[in-house]
Amino acid sequence: DGGITQSPKYLFRKEGQNVTLSCEQNLNHDAMYWYRQDPGQGLRLIYYSQIVNDFQKGDIAEGYSVSREKKESFPLTVTSAQKNPTAFYLCASSIRSGNWIQYFGAGTRLSVL
Amino acid sequence: AQKVTQAQTEISVVEKEDVTLDCVYETRDTTYYLFWYKQPPSGELVFLIRRNSFDEQNEISGRYSWNFQKSTSSFNFTITASQVVDSAVYFCALSELGEYGNKLVFGAGTILRVKS
Numbered sequence: 003d004g005g006i007t008q009s010p011k012y013l014f015r016k017e018g019q020n021v022t023l024s025c026e027q028n029l030n031h032d033a034m035y036w037y038r039q040d041p042g043q044g045l046r047l048i049y050y051s052q053i054v055n056d057f058q059k060g061d062i063a064e065g066y067s068v069s070r071e072k073k074e075s076f077p078l079t080v081t082s083a084q085k086n087p088t089a090f091y092l093c094a095s096s097i098r099s100g101n102w103i104q105y106f107g108a109g110t111r112l113s114v115l
Numbered sequence: 271a272q273k274v275t276q277a278q279t280e281i282s283v284v285e286k287e288d289v290t291l292d293c294v295y296e297t298r299d300t301t302y303y304l305f306w307y308k309q310p311p312s313g314e315l316v317f318l319i320r321r322n323s324f325d326e327q328n329e330i331s332g333r334y335s336w337n338f339q340k341s342t343s344s345f346n347f348t349i350t351a352s353q354v355v356d357s358a359v360y361f362c363a364l365s366e367l368g369e370y371g372n373k374l375v376f377g378a379g380t381i382l383r384v385k386s
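The listed protein sequences derive, respectively, from chains A and B. Take 3 as the starting number for the first sequence in my numbering and just add one per residue. Take 271 as the starting number for the second sequence in my numbering and just add one per residue.
FYI, nobody ran anything at the bench for these hints, they're computed from the structure. Backbone N, C-alpha and C fix where the C-beta goes; we use that ideal spot for every residue, glycine too. Treat the hints with care, since some could be wrong.
The following residues of chain B were derived to be distant from chain A, with all beta-carbon distances above 12 Å [to be verified]:
| no. | residue |
| --- | --- |
| 1 | E296 |
| 2 | T348 |
| 3 | V354 |
| 4 | S386 |
BS3-like cross-link-like pairs, simulated, lysine-lysine; straight-line CA separation at most 25 Å [as the list claims (entries may be wrong)]:
| no. | chain 1 | residue 1 | chain 2 | residue 2 |
| --- | --- | --- | --- | --- |
| 5 | B | K286 | B | K385 |
| 6 | B | K273 | B | K308 |
| 7 | A | K59 | B | K273 |
| 8 | B | K308 | A | K11 |
Build the full structure now, drawing on both the sequences and the hints.
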């Protein structure tokens with residue numbers, strides 16, 4: 003089945019620890035996105051990538067980092083610099099141009115211990 | 271900058287009632303796209319519809335219908351004869367063509383609770 007796989011579903015972070023959220027897609031999409039969702043605030047863009055080895059900061063990139071070494075993969079690292087990481091993180095992908103439709107994974111819920 | 275406003279934070283209805291979710295947007299682009307997504311309790315956003323700014327024709331898909339009015343910058347979503355399975359968070363989104371590619375700007379979402 004084609005789709006976007008995010009793992010893990012739940013993740014816990016200790017103080018001062020970096021954690022990495024995985025996002026893999028087999029839709030052959032060029033563009034990939036990371037969003038953060040907090041209650042009552044909708045989705046906010048963290049980072050996005052239109053092609054391999056290139057990515058851009060979104061609206062709330064501070065405390066996060068990404069890489070795009072393969073078309074299928076766009077992992078997000080939540081660093082210790084992110085002081086309020088507790089949130090629901092969603093990964094999405096789309097074709098690079100054309101219909102603009104983004105398809106989403108099931109999300110990762112990150113909590114701080 | 272693009273902006274999407276969903277003024278209704280939460281709506282509760284009884285099954286079989288009709289319900290309309292409001293979406294108002296701001297953009298300076300002459301060509302843009304509007305979207306609705308559904309987020310059920312499982313968390314994954316599900317794409318419902320995309321509307322091109324040049325196409326103001328209303329659309330109906332089963333119990334769902336969408337009313338796009340460019341004059342009032344609104345793209346409202348109506349569910350007819352609501353069902354419990356319609357309970358979810360619904361997001362309206364607007365396209366933004368940035369220097370580095372396409373992005374979507376999302377509203378804050380409307381929580382819909384349908385009671386049996």
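To see whether the hints hold, each was checked on the structure:
1. E296: holds (15 Å)
2. T348: holds (21 Å)
3. V354: holds (21 Å)
4. S386: holds (25 Å)
5. B:K286 with B:K385: holds (9 Å)
6. B:K273 with B:K308: Given pair K273 (chain B), K308 (chain B) holds - Cα atoms ~19 Å apart, limit 25 Å.
7. A:K59 with B:K273: holds (19 Å)
8. B:K308 with A:K11: Holds, at roughly 19 Å.
The structure fails none of the hints (numbered hints given earlier).
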